[in-house]
Amino acid sequence: MAAIPGARASERARRPRLFERWLQRRTRLDLPLTLAYRQIFILPTRFGWLLAILMGAMLIGSLNFNNNLGLLTTFIVAATSINTMLLSFRTLRGLVIRRGGAVPVHAGQAIDYRLAVDNPVERPRSGLVLRAGDARNVFSVAPRGSREVRLRLTPRARGWHKPGRLRIETTHPLGLFCAWSWFEPRAPVLVWPAPAADPPSLPEQGEAQLGGRRSPREEGEEFHSLRRWREGDPLHRIAWKASQRHQTLLSREFRRERSRHVTLDLSLAPGRDLEERIRILTAWVLRADADGREWTLKAGERALGPARGEAHRHACLRALAET
Amino acid sequence: MSDSTASARASEPLAEDLARARERVNGIIIDKREVIDLAFSALLAGGHLLIEDLPGVGKTTLAQALSLSIGGSWQRIQFTSDMLPADILGVSVFRRQDERFEFHPGPIFANVVLADEINRATPRTQSALLEAMAEGQVTVDGRTHRLPQPFFVIATQNPLDLTGTYPLPDSQLDRFLLRTRIGYPSQEEERRLLIEPDRRDLLADMDPVLDPERVIELIGTATALHLSEPVLDYIQALVAATRGHPAVRAGLSPRAALALTQTARAHALVMQQDFCLPDNVRTVFPALAGHRLQPVTESAQSGADIANEILEATPVP
Amino acid sequence: MKRNAPHLPTSPVAWTIAAFVLSASPHLLAMPPVLSGLVLVAAGWRLLAAQRRWRLPPGWIRILLSLSAIVLLAISYGGLWGRRAATGLLCLMLGAKMLELFRVRDLRMVASVSLFLVTTQFLFNERLLYIGYLMAGVLASVCALLAIQRFEQGNQRAPGSERRILREGAMMLLAALPVAAVLFLTFPRLAQPLWGLPDEVMDARTGLSDTMSPGSIAELYADDSPAFRAEFEGGPPPPGDRYWRGPVLWNFDGDTWERAFLPSRTPTDLVPPGSNDYIYNVQLEPHERRWLFALDYPVTLPENARISLDYQLTARKPITALTQYRMRSNPDPIDMPQLPETLRQLATRLPADRNPRTREMAESLRSRFGDDRELIAHVLDWFRQEPFYYSLETSPLGRHNADEFLFDVRTGFCEYYASAFAVIMRFADIPTRVVTGYQGGYWQSGGEYLLVRNSDAHAWVEVWLEGSGWTRVDPTAAVSPQRIQRGASSIAEGRESLFDMAWLRDLRNRYDRLQYLWNAWILGFDAERQQRMMRFLGLPDISRTGMALIMAASLGVIVLVVAWAWLRDPRGSRDPVRRAWLRLLRRVGRRGLAKRPSETPLAWARRVAPALAGGDRLVEITGLYNDIRYGDRREESLRRRFTQAAGAFRPEPLGSRRF
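Protein chains in written order, with my numbering: chain A, 1 to 323; chain B, 324 to 640; chain C, 641 to 1299.
Bear in mind the hints are in silico, worked out from the structure with no lab data behind them. Just so it is clear, CB atoms sit at the ideal spot from N, CA and C, and this is done for glycine as well. Watch out, some of these pointers could steer you wrong.
What the hints assert, rightly or not - Computed beta-carbon distance windows for the label pairs:
#1 516(B) <-> 152(A): 53 to 61 angstroms
#2 553(B) <-> 1197(C): 37 to 45 angstroms
#3 64(A) <-> 1196(C): 25 to 33 angstroms
#4 525(B) <-> 188(A): 51 to 59 angstroms
#5 143(A) <-> 715(C): 57 to 65 angstroms
#6 143(A) <-> 1183(C): 45 to 53 angstroms
#7 578(B) <-> 198(A): 32 to 40 angstroms
#8 1197(C) <-> 188(A): 45 to 53 angstroms
#9 143(A) <-> 578(B): 38 to 46 angstroms
#10 143(A) <-> 1177(C): 37 to 45 angstroms
#11 624(B) <-> 1290(C): 38 to 46 angstroms
#12 1229(C) <-> 143(A): 15 to 23 angstroms
Isolated chain A (complex conformation) (with noise of 0.2 angstroms):
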C-alpha cells in the first residue's frame, strides 16, 4: 500500500527518526479523531517571528527611555499575541474528523478526498485548512455544525493507497500562530487503473459459447413479429395494413436484441506489458459497461462474471486495481 506521493515523502526522510517515533506516539493516526491537547502543535507563523522581532525593539526601546506607555503598548499587543495563540489552539482543540474516505477514480485523476468534521461545542471555528502537500482546502464549521471538506489528490498509480499523513491546521485570527495537527486515516482509497486512452475493439470470441439466449418477453426496438392485437397494446403498435390483409387486427411485436456476451481475459490482452494489457482491459471494460454488454473478466486466477451494469463494472475495476 503506498503513500500518495507528494511532498511528505521527502519529508519524512529528512526528518531524524527518534522525531518520528515520538511523532508517530503522538498522532493518534485513526478516525474518528478529536482533537485534544496531545495532538496538537502550535509554532509562531513568519508573520508572527516579525511581530515578536518588532515587539523586542518597542521592549528594549520602552524599558530604556523608561517610558511606561511604550511599556504599556508593548504589553498589550505580547498579551494579544498570547490570545491569539491560545485561540488558534482553540479553533482546533475538540474538533473531531469522524472519517475520511474517496470514491474510487482512475489513475492520473484527481481523488476528492471526503473527511467529515465536527464541532461539538457552540461556537463557531473559522479558518480551518485541511492540507496534503500542495493540496489545501480552507473552510470552517457552523456551531454545533458539521461538514464535509474535500481534498484534492493526486495519485499516480492504481491500487490502494492510503491518504497518508493529513495536516489540519489554522492560523485564525490575526495569523500569528499556527495550530496544526497531523492525523492518517486507515480506510485506503481505490484508484482504478488507467483506461488506455486508444484501446483496440472489444475481442467478440465469446459470442459463440454464451450468445443467442433470448428472452421473449423482452421488447426493444428491433421488429421481431406479428401477433394478435391484445388489450392494451398501444395504438401504434397496430399494423394497419397487416391487419387489412387478414381481416383481424395484429400487432407488432418488438425485441430487443440481446447484446454479445464478451470475455476480457487479461493474459489474452495486447499489449507490451502487464501494465499497458490492464489498461486496455479497463478500457474494455468501460466499454462493455457503456455498451450495456454482458462481460467476464478473466485476471489471473480471478474470473468475475459473466454480469453486467454498475456493480459488476466496480468489481472488474477493482480486481484489476488489485492486480
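Given the structure of chain A, go ahead and fit chains B and C onto it with the hints provided.
Positioned in the frame of chain A, the structure of chains B and C alone reads:
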C-alpha cells in the same frame, strides 16, 4: 409522539378528522403506529410509499385500511410477470359500431392504488406505473388522462423472492417518497391476531372519515406547516452528511432534500403538531433516504444503515 | 501571493490604512506639512485604488517618489538626525509602502509597524489623553490584522462584517488587558538606561531657559500646561513661601542674565534638617532641561542630581520623561553668612557703559543710605509709590533697558522688575543675583497637591546682607502683591477672559487631577515604585532576578486564568432561552443522563424522564422549549415561563427523594 406537548391543533375539525382516520387504521393494524404514521406522511406529502416486506405481514390490509379511512376509490393491482402496461393504465378499445376508440381506464385510476408485488412485473410494466406516479397522468395513444386527486400508490415488494422477478432498479426507487418495512408482529400482537376476528373482516365495517377533497386540503395544510430555522439547519446538515459520506456514491439530491422537508412537515401534521420538530425529520429520514442512498460496491452497509449512521452522527441543532 | 497579485478587497486595505493613519497622526502633525501631505495622499490613493481596482504603479514611479520624499525629509530636518526625523522617515517609508501595498504580507507589515509607530509617539508625549490614542491605534491595527486574516481565510463578504471585525478587535483588546496589566506591574524595570537619550526638543514645551532677558519668560505665561506637581506631607506652604528655585543667574551683560559656573556642593555640605521642614514629592513634567525644582533650601538630594553652591538642583540628564523625586526643604538656614570675595565681585559686576540714569540714582541712594536694608526698603517703596504697573503687555526695551524701564515705560512683569532692581542693587554695590523659577501654584484641594503651571514662572532677586546672608527680595511683590498671593492667573485674567471662565477652569483642574493620578500610577511607575509595590505586598528587597521570577510566576497564573476563560466550553449563547436550556442539559447530564448530540430534545426528555423524579415535568419543559425553538414562539411570557421552569428544575434520581 402523538401525545406531543407541542401544542395540539385541537380546535380544527380537519386535524381532528385526520386524527380519527389515523386511529381507525391503528385500530385495525395493531402495534404498527410508526408505519401507519409514515404512510399518512407519504400521503400528505403528495408522494408514494414502497413497502418492502414478506407476504403476510399485513401490507395489503394496511393499504386497504388507509384507503378506506380516507375515503375515495381504491384499487389493488396484483402484479404478475405477464402483465402489460395496458393492464394497468387502461386501453383504447376500438369500437366497431361507431368506428372510434374509447378509453377504458385501467386500475390505476383510483385514489389509492395498492401495487402488490411490483417486482413480479416486467421492467416495462413497472416503468409504466412509475411514470404515471411521477406525472399524475396517463398518456395512452397520444391522449392524456389525468389521474384522480389525491393519487397515492402503495407498492409492495418482497425482498426475498428473487427468482423470476425484476426488483425495482436503483434509479427508479426514488419515485417512491418513502420506503419502509412493516416487520413481524410482536408476541402480544400476534396473540391478538390469533384470537381476534380476521382483520379483513374488520375492514368491511370501516367507514370513511375523510374524503378526497379533505385529503387535498390536508396536503395543502402540510405544505404550509411552519418549519423553523434550526430544523432547516438540521435537514441541511443531514443532507450534507449524505453527500460527505464515503460509503455513498451520491448523496441526496436537492430534490430529495425538498422531499425530506415536505415529508417532515406532513409527519408533523400527522402528529397533530403546529410546527415541524427535529423529531419528525428524524422519524422520516431513514424511510426517505434509505432507498436513495446507493452505497459504493466496496461498502457492506446498506442505504438504510448509512441513513441511520448519519442520524446518529449528526447533532440536532 | 504573486507580484501582481489579484486586487485585495477594500476591507483589509481600508483597515490597514486606517491603522496606519491613526497611528501616524501625531507624527504627521509634527512633520513638515509637505511631507505629511505626501503620506496622506499616498494612503488616499491606495484606498481609491482598492475601490476602483487600479493597478500597481510602475516601479520607477515608486522609487522616484520615495527618493524625492527622503530628500525632502533630509532638507526639512536639516540633517538633524533625531527622534523626530527617525519617526518621520518611518512614516514616509510606510507612505511609500502604500504604493505597493498589494500583497497580504505587505498589509500585515504595515499593520504591525503601525503598532511600533504608536510606541514611538510616547517618546514625545505621554499625557493622559494619549491613552485614547494608544487604545485606538492598537485597536485599529488588531482590526486590520483581523480583516487581513479574514481575507486570507476566504470569507470576506458578510453583511455587517466590518462592525463584527470592530467588535472582535475590541474583544481582543479587552481580553489582552489582564495579561498586559500583570506584565506592566511585574516586568523588571531598568534603573539606568542602556543608552542615552538624544538631546532633542520634545513635543512638550520647554520650561525655563538658563538665561533671562526681559521678555523671555513671557512666552511661558501663555503656557497653561503643568510644569510640575508637588504633594506635601502636612499641608502646603503659605503662598509667600512658594518660591520654587530654578536657575540662579549671576552674570549680566546689559541685556541678558546668565548663570555662573560655580562648584557643586557635596552631600555633606547641605543644610541640616530643621523643625519647620517641608517634606514633599515632586512630579516633574518633562521639559528637556536639567532643572529640578525645590523650595529653599534642600536638605536632601534626589537620586542622580547635583546641587550647586547657589542651591540650584540639576539632574544628570535632561528631563525627557516624567520624573518623580522626594524632597525635604528647610526654609530657615542662613545662606552664606560669609560672602567670599570672588563671589562678591561676581555679584556686583555690571557693564559700565549701560544705564547711566540708573547708576546716577543708585549712587545718590548709596550716599543717602548707609544701611543696605534701608536702601532696599526705599527702592521698594519707590516702586510702590511711583506709577509702576504690572502687565504682560510690554514694549521692547533698548540698550539702556533698566533706564528705560525705571524712568520711561514703568510697565512690565517680573523679569523687568527683577532685572531693573538687580541693576540698581549692583550699582549701589550690594551683592545681587537673579533667581528664576516658579512661584505659587494652584492647590488642588481634591487631589491634595500643588499644581504649578508653566505660567507660574517667575523671576526674583536675592541680595546678600550682612547677618542674614542671601535674602530673597521680590520687587514684583511690591508692585503687584496679588501676583504673589493669588498666582499668575490673577494677572492674566484680562488677557484670557474668553477662555478663562470659571467652569472651564474647574474642568481643567479636574482633568489635571486625573493627569496627576495618571502620572503617579502609570507614567511614574518605575523600578523604585515597583519595589515599593512589592514591599507593600510583603516582599521587600527583590533583586532583578527575583522580580523576573515573580513576573514569570504571575504571568503564568494570569495566562492560565485567561486560557481557562478562552478554552472553557462556551456557556451557551446570548439567548437566555438557549442558555437556560443548555444549563438544564448540563444539570441533568451530570446525573449520567446526558443528551446525545444526535438526540432530539423531546426524545431525550422522554428517555430520561422515567429515571427522574418529576420526569413528566422535564418532558413538559422540553415541550415549552420546542415551542420556542422550533415553533418560533416569541412571546416574552412564554420565554420567561420556560427559563423559570428550566431554572427551577432539579434533577433528582428516582428514589433519592425523601418522602
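Okay, the hints, checked on the actual structure:
no.	hint	verdict
1	516(B) <-> 152(A): 53 to 61 angstroms	holds, 57 angstroms
2	553(B) <-> 1197(C): 37 to 45 angstroms	holds, 40 angstroms
3	64(A) <-> 1196(C): 25 to 33 angstroms	holds, 26 angstroms
4	525(B) <-> 188(A): 51 to 59 angstroms	holds, 56 angstroms
5	143(A) <-> 715(C): 57 to 65 angstroms	holds, 59 angstroms
6	143(A) <-> 1183(C): 45 to 53 angstroms	holds, 50 angstroms
7	578(B) <-> 198(A): 32 to 40 angstroms	holds, 39 angstroms
8	1197(C) <-> 188(A): 45 to 53 angstroms	holds, 48 angstroms
9	143(A) <-> 578(B): 38 to 46 angstroms	violated, 29 angstroms
10	143(A) <-> 1177(C): 37 to 45 angstroms	holds, 43 angstroms
11	624(B) <-> 1290(C): 38 to 46 angstroms	holds, 43 angstroms
12	1229(C) <-> 143(A): 15 to 23 angstroms	holds, 18 angstroms
Taken one by one, the earlier hints fail for this structure only at number 9.
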